[in-house]
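Under the numbering used here, residues 1098 to 1230 are what the sequence shown spells out, in order.
It should be emphasised that the hints constitute simulated quantities derived from the structure, not laboratory data.
Hints may contain errors.
Derived BS3-like pairs: lysine-lysine, alpha-carbon spacing no greater than 27 Å straight-line [to be verified]: (1) 1146 with 1170; (2) 1172 with 1146; (3) 1125 with 1172; (4) 1172 with 1119; (5) 1213 with 1170.
Derived Cβ-Cβ restraints for the label pairs, each shown as a range [to be verified]: (6) 1201 with 1120: 30 to 40 Å; (7) 1170 with 1218: 35 to 45 Å; (8) 1178 with 1157: 11 to 21 Å.
The beta-carbon is built from N, C-alpha and C at its ideal position, and this holds for glycine as well.
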Amino acid sequence: NYTAAISSEVCASMYNLDVVAKDITTTKDNTTRFFVLGQSSDNPTGDDKSLLMFTVDHREPGALCNALNVFAKHKINQTAINSRPSRQRQWHYMFFVEIIGHEQDANVSSALSEIKAYCLDLVVLGSYPRQSY
């Protein structure tokens, strides 16, 4: 089994995961979002999100803007964007973008094909049903 997660006990129960360690947080009012990693995505439900990871050529003016504009062009809302150093070279970053829609949705699929022109790397980390909080 290749599935692992850092999550609440409620989440572990929902996804039938074994709890290996409890109370690993340093802050009791922690609001960090967690997710389950697996080898495949859920099937489309009609109310989904997708998580993408990509890099752009930071030496190109507007590279990130050009990539993100593809989502607007295809009427796809971005709900989160985070950056982390890529470790490929100094001042080069990976972007993690969460969008509304499943990678199999027509508009998302078209956007993913188009955004490749602006990205050095693009990986769809997965698509999953939206959760209501």
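Hints and how they fare:
no.: 1; hint: 1146 with 1170; in the structure: 18 Å, holds
no.: 2; hint: 1172 with 1146; in the structure: 14 Å, holds
no.: 3; hint: 1125 with 1172; in the structure: 38 Å, violated
no.: 4; hint: 1172 with 1119; in the structure: 41 Å, violated
no.: 5; hint: 1213 with 1170; in the structure: 14 Å, holds
no.: 6; hint: 1201 with 1120: 30 to 40 Å; in the structure: 38 Å, holds
no.: 7; hint: 1170 with 1218: 35 to 45 Å; in the structure: 21 Å, violated
no.: 8; hint: 1178 with 1157: 11 to 21 Å; in the structure: 18 Å, holds
Hint compliance for this structure: hints 3, 4 and 7 are broken, all remaining hints hold.
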